[in-house]
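Engineer: Spelled out from the first residue to the last, the chains are:
2 protein chains.
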Amino acid sequence: MPELRKDPVVGRWVIISTDRARRPSDFAVEPRDPSGGPCVFCEGNEAMTPPEILAGRGRGGAANGPGWSFRVVANKFPALRIEGDLDPAGEGLFDRMNGVGAHEVVIETPRHDASLATLSADVVGDVLLAFRERVLDLRKDPRFQYILVFKNHGEAAGASLEHPHSQLIATPIIPIMVREELDGSARYWEMKERCVWCDIVRQERRAGARLVVESHGFVVLAPFAPRFPFETWILPARHRSAFEESGVDELRDLAAVLGDFLRRLGSVLRDPPFNFMLHTAPLREPRLDSFHWHLEVIPKVTQVAGFEWGSGFFINPVPPEDAAGALREGVPDAG
Amino acid sequence: MPELRKDPVVGRWVIISTDRARRPSDFAVEPRDPSGGPCVFCEGNEAMTPPEILAGRGRGGAANGPGWSFRVVANKFPALRIEGDLDPAGEGLFDRMNGVGAHEVVIETPRHDASLATLSADVVGDVLLAFRERVLDLRKDPRFQYILVFKNHGEAAGASLEHPHSQLIATPIIPIMVREELDGSARYWEMKERCVWCDIVRQERRAGARLVVESHGFVVLAPFAPRFPFETWILPARHRSAFEESGVDELRDLAAVLGDFLRRLGSVLRDPPFNFMLHTAPLREPRLDSFHWHLEVIPKVTQVAGFEWGSGFFINPVPPEDAAGALREGVPDAG
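Chains as they are written, first to last, in my numbering: chain A, 1 to 335; chain B, 1 to 335.
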């Protein structure tokens with residue numbers, strides 16, 4: 001059983017997940033397939049994954065067989081386990097609880113060589129709708145406080161499999177980075193009675209220098225203080241706190257703008273490794289005036305070293321104005 | 001001029017350091033020597049570095065020539081610049097200031113193929129004394145609030161040069177990760193009127209399971225909630241808040257225990273890439289009852305991916321009890 005443990009000084013929780021490694025010296029987080037064997041996410045290999053939780057089967061076809069457009073399955077090497085109670089306990093100074101949670105994989109397409117940049121907006125939209133459906137389902141489980149939707153693309157970004165996929169992890173604790181955003185934006189609300197991200201969107205639209213692209217309902221921008229070169233945020237233009245309360249039209253709009261942005265990124269940096277992470281309101285407080293959901297995209301083109309790990313200061317050699325300029329000019333091919 | 005910029009939501013500062021990259025697409029943080037040319041840190045090549053600020057010249061020899069045991073020089077590609085005023089300014093919602101600071105390199109030995117694990121305790125002690133001397137000198141500069149001493153060892157840990165070296169960066173702001181430790185430990189002090197790290201040392205010594213090795217004055221332990229496999233902390237056994245107020249004997253003792261630990265780590269994980277970062281009290285409050293300086297060592301054997309970047313939760317496949325056990329058994333060769 002994985003275990004959640006809390007640092008007694010800074011309050012950061014970690015997951016001690018021994019199921020993912022057999023011996024102390026076997027410390028790969030996501031073991032890569034060493035054999036170069038068949039892709040477990042490809043069509044025809046459905047038996048190689050845990051049973052599907054959700055799938056796009058507009059073309060027909062029985063569950064766990066071919067004929068799908070996307071599939072959601074449990075992660076075969078879950079960071080947290082779905083069974084059991086939290087059983088929080090102390091050990092002197094220290095706090096721990098059972099590593100209860102959900103860890104699912106969204107296989108975005110049967111096409112092994114595709115990506116969110118090359119798939120059509122319809123297909124990307126189906127993936128976003130699958131995220132929404134899984135969050136709406138998992139939030140019924142009272143043990144969970146938060147669900148992080150994220151993607152690792154490329155080996156340097158931590159992807160263990162090439163086949164296009166994203167993941168979600170439901171946790172019994174609000175992650176510390178989300179907590180910091182909740183606290184910071186609540187302080188801003190207290191001072192100004194405005195959402196800080198609404199203010200950012202307003203200011204960036206007026207200034208223009210860090211704006212990448214806009215759609216009817218979404219703004220894509222390089223943040224003022226980015227940790228990473230070409231770090232980009234995608235935000236709803238109007239105030240929205242919970243991703244899972246987005247309408248179908250909103251998510252179809254997001255799919256188009258996400259694909260557009262990823263094609264720009266791919267053309268400027270030549271298909272870089274990247275992560276994206278969805279920051280949304282906690283499951284138990286979906287309607288917040290102070291919090292505004294957003295998707296953070298971080299290309300992995302620089303190394304994080306001792307200074308960053310020790311200080312939390314990030315050294316970024318690319319001003320966001322330059323990154324946004326390059327991304328604005330990088331005309332995307334049609335999706 | 002590099003620029004410091006603050007995220008308006010979470011208060012995290014970043015360094016936008018364009019001097020380190022010429023074009024938006026040239027985004028390597030520490031450009032590697034592509035030529036495989038002569039090592040700029042080797043003896044005889046002193047003219048290839050900025051002039052020395054401090055050096056071990058017990059054997060004689062003129063400044064900036066051969067004959068040294070260690071050298072401290074300005075970083076040729078500094079993240080922050082020593083000249084100028086901070087000039088803090090707002091831009092609507094946003095805050096920025098000039099990237100003023102110091103960025104120095106400690107070349108630990110003339111021996112290109114040595115390391116802190118293989119060098120004698122005397123030599124390691126001289127390096128630690130050089131850290132102390134540089135901190136004592138730089139803290140006279142009223143612009144600086146903090147000095148982070150750190151090391152990148154191995155390419156995967158962000159080292160751009162093989163030759164044994166460590167670095168320090170003086171910043172005009174207390175780094176957010178140190179601020180979080182200061183705040184967390186101050187809260188603990190408020191509740192208990194005890195230093196949280198003193199309590200950790202006491203509990204870990206009694207329990208033993210996470211203890212790696214001890215000397216007269218230092219304790220080496222695997223923290224209860226480590227972010228990384230084999231993450232290890234070295235702390236003074238007695239309460240000490242500021243590293244730079246350590247005595248010579250204390251630093252000689254630390255040198256022996258650091259070398260011992262690094263040899264154990266090297267034998268268990270076969271010379272892994274690692275970072276270390278020194279967390280000490282801020283320059284303007286060196287005497288704190290609640291803060292206890294410590295050296296954090298983080299081997300880089302797993303990848304940090306979207307879940308970690310988006311949540312601040314780290315997934316660690318190696319329980320610290322197993323790591324400490326392996327390190328206790330990994331009998332180090334003599335230094």
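In short, the hints are calculated from the structure, not lab data. Careful: at least some of the hints might be erroneous.
Said to hold, decoys possible - Sample of chain A residues at the chain B side, in silico, Cβ under 7 Å: (1) Lys-6; (2) Val-14; (3) Phe-77; (4) Ala-89; (5) Gly-184; (6) Ala-186; (7) Trp-189; (8) Cys-195; (9) Cys-198.
Cβ coordinates follow ideal geometry from the N, Cα and C atoms, glycine included.
Engineer: Are the hints correct? Go through all of them and say.
Structural biologist: Here is what the structure says about each hint:
1. Lys-6: 6 Å, holds
2. Val-14: Holds - the Cβ of Val-14 of chain A comes within 7 Å of chain B, reaching about 5 Å at its closest.
3. Phe-77: 10 Å, violated
4. Ala-89: Violated, because the Cβ-Cβ distance from Ala-89 of chain A to chain B comes to roughly 13 Å (cut-off 7 Å).
5. Gly-184: 4 Å, holds
6. Ala-186: This interface hint is violated because 10 Å lies over the 7 Å limit.
7. Trp-189: Since the shortest Cβ distance to chain B is 11 Å, the answer is violated.
8. Cys-195: 10 Å, violated
9. Cys-198: It is violated, given that the least Cβ distance between Cys-198 of chain A and chain B is near 11 Å, above 7 Å.
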